[in-house]
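Line order of the protein sequences matches chains A and B.
Be aware that the first sequence starts at 1, since it is given in the working numbering, and climbs by one per residue.
Be aware that the second sequence starts at 1, since it is given in the working numbering, and climbs by one per residue.
Any given hint could be a false lead.
Said to hold, decoys possible - List of simulated lysine-lysine pairs, BS3-like, C-alpha gap at most 25 Å: (1) A/Lys-494 x A/Lys-78; (2) A/Lys-408 x B/Lys-118; (3) B/Lys-189 x B/Lys-37; (4) B/Lys-72 x B/Lys-189; (5) B/Lys-37 x B/Lys-72; (6) B/Lys-125 x B/Lys-139; (7) B/Lys-72 x A/Lys-408; (8) B/Lys-29 x B/Lys-72; (9) B/Lys-118 x B/Lys-139; (10) A/Lys-408 x B/Lys-125; (11) A/Lys-408 x B/Lys-139; (12) B/Lys-125 x B/Lys-189.
Hints were generated in silico from the structure; no laboratory data involved.
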Amino acid sequence: MVLLSAAIAVYALVPLGYVVTETISAGWDTVTTLIFRPRVGELLGNTIALVLISVPLCVLLGVAGAWLVERTSLRGHKAWALLLAAPLAIPAFVNSYAWVSAIPSLAGIFSGVLISTLSYFPLVYIPVAATLSRLDPALEQSAASLGLGPWHRFFRVVLPQLRLAITGGALLVSLHLLSEYGAFAMIRFDTFTTAIYEQFQSTFNGAAANMLASVLVFFCLLLLLAESRTRGNVRYARVGSGAQARATRLALRHFQWPAQLFLAALTLLAFGLPLYFVARWIVQGGASIWQRAELLPALLQTLGYGVSGALATTLLAFPLAVLAVRYSGWLSRVLEGANYISSSMPGIVVALAFVTLSVHWLPTIYQTAFLLVAAYVLLFMPRSLVNLRAGLAQAPVQLEEAARALGKPPLLAFLRVTLPLTAPAAAGGAALVFLGVVNELTATLLLSPNGTNTLATEFWALSSEIDYAGAAPYALLMIALSAPMAYLLFSQSKKAAGQ
Amino acid sequence: MSAEIAASTDRHLEIAGATKAFGSTEVLKGVDLAVAKGGTTAIVGPSGSGKTTLLRIIAGFEAPDQGSVSLKNSVVADAETWVPAHRRQVGYVAQDGALFPHLTVAQNVAFGLNRRGKAAGARVKELLEMVSMDYAYAKRHPHELSGGQQQRVALARALAREPELMLLDEPFSALDAGLRTATRRAVAKTLAATGVTTILVTHDQAEALSFADQVAVMRDGRLAQIGNPFVVYTRPADRATAEFLGDAVILDAWLEGSLALCSLGGIPVRRPPAQGRVQLMLRPEQIRIAEGGPIRGRVVETDYFGPETTVRIQLDPLPIDPAKPVDPHQPKGGEIIAIRHWNAMLARPGNELALRVVGEGVAFPYQ
Numbered sequence: 001m002v003l004l005s006a007a008i009a010v011y012a013l014v015p016l017g018y019v020v021t022e023t024i025s026a027g028w029d030t031v032t033t034l035i036f037r038p039r040v041g042e043l044l045g046n047t048i049a050l051v052l053i054s055v056p057l058c059v060l061l062g063v064a065g066a067w068l069v070e071r072t073s074l075r076g077h078k079a080w081a082l083l084l085a086a087p088l089a090i091p092a093f094v095n096s097y098a099w100v101s102a103i104p105s106l107a108g109i110f111s112g113v114l115i116s117t118l119s120y121f122p123l124v125y126i127p128v129a130a131t132l133s134r135l136d137p138a139l140e141q142s143a144a145s146l147g148l149g150p151w152h153r154f155f156r157v158v159l160p161q162l163r164l165a166i167t168g169g170a171l172l173v174s175l176h177l178l179s180e181y182g183a184f185a186m187i188r189f190d191t192f193t194t195a196i197y198e199q200f201q202s203t204f205n206g207a208a209a210n211m212l213a214s215v216l217v218f219f220c221l222l223l224l225l226a227e228s229r230t231r232g233n234v235r236y237a238r239v240g241s242g243a244q245a246r247a248t249r250l251a252l253r254h255f256q257w258p259a260q261l262f263l264a265a266l267t268l269l270a271f272g273l274p275l276y277f278v279a280r281w282i283v284q285g286g287a288s289i290w291q292r293a294e295l296l297p298a299l300l301q302t303l304g305y306g307v308s309g310a311l312a313t314t315l316l317a318f319p320l321a322v323l324a325v326r327y328s329g330w331l332s333r334v335l336e337g338a339n340y341i342s343s344s345m346p347g348i349v350v351a352l353a354f355v356t357l358s359v360h361w362l363p364t365i366y367q368t369a370f371l372l373v374a375a376y377v378l379l380f381m382p383r384s385l386v387n388l389r390a391g392l393a394q395a396p397v398q399l400e401e402a403a404r405a406l407g408k409p410p411l412l413a414f415l416r417v418t419l420p421l422t423a424p425a426a427a428g429g430a431a432l433v434f435l436g437v438v439n440e441l442t443a444t445l446l447l448s449p450n451g452t453n454t455l456a457t458e459f460w461a462l463s464s465e466i467d468y469a470g471a472a473p474y475a476l477l478m479i480a481l482s483a484p485m486a487y488l489l490f491s492q493s494k495k496a497a498g499q
Numbered sequence: 001m002s003a004e005i006a007a008s009t010d011r012h013l014e015i016a017g018a019t020k021a022f023g024s025t026e027v028l029k030g031v032d033l034a035v036a037k038g039g040t041t042a043i044v045g046p047s048g049s050g051k052t053t054l055l056r057i058i059a060g061f062e063a064p065d066q067g068s069v070s071l072k073n074s075v076v077a078d079a080e081t082w083v084p085a086h087r088r089q090v091g092y093v094a095q096d097g098a099l100f101p102h103l104t105v106a107q108n109v110a111f112g113l114n115r116r117g118k119a120a121g122a123r124v125k126e127l128l129e130m131v132s133m134d135y136a137y138a139k140r141h142p143h144e145l146s147g148g149q150q151q152r153v154a155l156a157r158a159l160a161r162e163p164e165l166m167l168l169d170e171p172f173s174a175l176d177a178g179l180r181t182a183t184r185r186a187v188a189k190t191l192a193a194t195g196v197t198t199i200l201v202t203h204d205q206a207e208a209l210s211f212a213d214q215v216a217v218m219r220d221g222r223l224a225q226i227g228n229p230f231v232v233y234t235r236p237a238d239r240a241t242a243e244f245l246g247d248a249v250i251l252d253a254w255l256e257g258s259l260a261l262c263s264l265g266g267i268p269v270r271r272p273p274a275q276g277r278v279q280l281m282l283r284p285e286q287i288r289i290a291e292g293g294p295i296r297g298r299v300v301e302t303d304y305f306g307p308e309t310t311v312r313i314q315l316d317p318l319p320i321d322p323a324k325p326v327d328p329h330q331p332k333g334g335e336i337i338a339i340r341h342w343n344a345m346l347a348r349p350g351n352e353l354a355l356r357v358v359g360e361g362v363a364f365p366y367q
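Please model the complete structure; the sequences and the hints are all you need to start from.
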């Protein structure tokens, strides 16, 4: 098991290793000429501006929404709690498609900010809301008894406790911004990812694409480092024991209507508008758009890749999760690190690495379903791991020991005790992987075998040809398949919060 | 090591020279222990003393680094032999019961049984009766039971395979005080009825003394003393054991022959370990408030508990014997001792009291 896990860890580092070796083997002169040029400067400006504007906006919207839902007398807060997570069901490139349908002239940095903020603020909202709901109100009550008013309590007691959730969410948003291709290509906003894709299209395996990829990877690693720095070592869990009281909600009084308006506007823009335009295109397209020959194969192939990706990822993640939870040591730390780094690798970099490596070393697997599934495993392993680890934590090793004391050999003890207890978490992780595969665009475009079309790639092909009506059924199917994922994420975060 | 091994020819478990280290931390530093067939042994010690590791080595969850473990005179663990947990015929009840949360009570109890269907059902019913659980609970899940019920189901599950040795790893410590005593009694009764050899690990000395017929006091990876509860309580092997097993009054004393001279007068000592300067240990209940008692003191502080009051008494300074004015071994009095008394009215701060000592003291070499 240790060997297998080590092999998986090495595998997880393939994209990073690829980028590093390509950069080194290109030689210093090539690197400098390819990196220090106006085009890269422009991309750098775009990407940095996008991150610097969108991330704070997402944090602001996410924290404000979570606070309103969890800590105020907001009317209908249960419905709002779900609605604020709902935009996750709309893939960012579908959101972009809807906005372009609404305002065809959309382009440039502020459209990028608009679309990415509306698509990604739930990534901050969900962890912050979960943390807020499990935050011990006794902390705030103590602060109140020490003479702090509501505003001071929020900024001096609550906000510091939310730091982990906020930085974690902000990291996720930033990584999504760096790796998103479709949403930005649709509005002709150039980031590193879109530029790498274009380079790849024009020169296939050029040094230029590789150098852009190494700059992109550098940024991802920088973000990881920044996040782990801000995490620090301060303790945020509850220190005491005993049951926790319910939080009291702050009365909104005459802010009730402005709050309702704010949330309504946010939901309308992030969730209502995309749904409306998808629906409008479907109505406009009529019956003919459902009769395309590609629709059913695309759906079936998507389901096929989703299921095989989910199964492969879960199977391979299991030994890693067991090792990480049950055995602490250098190996499990290395595994954690490898997984942490690979979780930040954009799909475009993974795809680029897999294309180059397979063409050079294993041409037989290039453009095969096997290679595509292998890339999915690498891209979505972290989702599965997070779930499996939580599940294994529910199946303490003491239970297996009890089974062994009752005469069951170790393997049987594992199969009869740990496996059934971990199954729900494994299924949850597998579902997240499945839905990740359904919405994956970049790696699928680069790696899929000839003639293979998933919902995402077919949607992409049609909307690139400005056949918006034809693309609408694909968008609808993707939303329908993603809605359970958004709901799953939402309810899991609530469960983690003990509700 | 001063530990005395229980005299028995019919040994069920024997551990010889067991050591265990986790990384650079030595958890067991050479443990010898013998447990008689059908007996009840409590391994008691403060947390971190290695008692749980010892139990896990007996169960077969860990292997000793050195030394050997034998069950019924056959070696199950030493340098060459290793019998894994599932082949040791040992029952095990963990601290929190470790019931399988995905299985019902009946499925939990039947987990170790090799029969299925009706035969298993009958046995489950029998086992639940044995631990005084109504059969109506059979279809419930562990989270629908109280802590005490969970522990009783865990015991029933462990008894299912009729083990000859039962290991209990602090099974009562997660229960609240009232439930703890009741569950402990019920478990002790069930185990006594089945005649199974039992080893209980606990950090609660009262639990160890009341549960077992042999108490092994563990400290810092070694067994400091093994003996029956009365012996280890009244004649602890060293000062740390004395203080761990209960409250102790410790006074400087001068030992000559078997009489220790201290501020409480001359106290008889059985088996004196040394002569001359020693520390004398008495249990608080040996010092009684008695009209006309030879020892005088003044109450300095009291702590009221309801049925009892802890009374801190400063002993009166003793007059210097004019015959031996420079004898350095003469007790000087003035120490503060803590005893217990039922009458809170009698023991008010400032009251003068007369005391009397009952029974023998234990002397430890001076530290």
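Right, here's what the structure says about each hint:
For the hint pairing A/Lys-494 with A/Lys-78, the CA-to-CA distance comes to about 12 Å; that is within 25 Å, so the pair holds. At roughly 22 Å between alpha-carbon atoms, A/Lys-408 and B/Lys-118 fall within 25 Å of each other, so this suggested pair holds. Proximity of B/Lys-189 to B/Lys-37 is assessed by CA-CA distance (about 17 Å); at most 25 Å being required, the pair is judged to hold. Restraint check: the Cα-Cα separation between B/Lys-72 and B/Lys-189 comes to about 24 Å, which is no more than 25 Å; the hinted pair holds.
With a C-alpha separation of about 9 Å, the suggested pair B/Lys-37 and B/Lys-72 falls inside the 25 Å cut-off, and the hint holds. Distance hint between B/Lys-125 and B/Lys-139 is fulfilled; the C-alpha atoms sit about 12 Å from each other, no more than 25 Å. Note on B/Lys-72 and A/Lys-408: the hinted pairing holds, with a Cα-Cα distance of about 21 Å set against a maximum of 25 Å. For the hint pairing B/Lys-29 with B/Lys-72, the CA-to-CA distance comes to about 24 Å; that is within 25 Å, so the pair holds.
Between B/Lys-118 and B/Lys-139 the CA atoms are separated by roughly 15 Å; this keeps the pair inside 25 Å, and the hint holds. Between A/Lys-408 and B/Lys-125 the CA atoms are separated by roughly 22 Å; this keeps the pair inside 25 Å, and the hint holds. Taking the CA atoms of A/Lys-408 and B/Lys-139, the gap is about 23 Å. The hint holds against a cut of 25 Å. Annotation: proposed proximity of B/Lys-125 to B/Lys-189 holds, straight-line Cα distance about 18 Å (limit 25 Å).
In terms of the numbered hints stated before, the structure departs from none.
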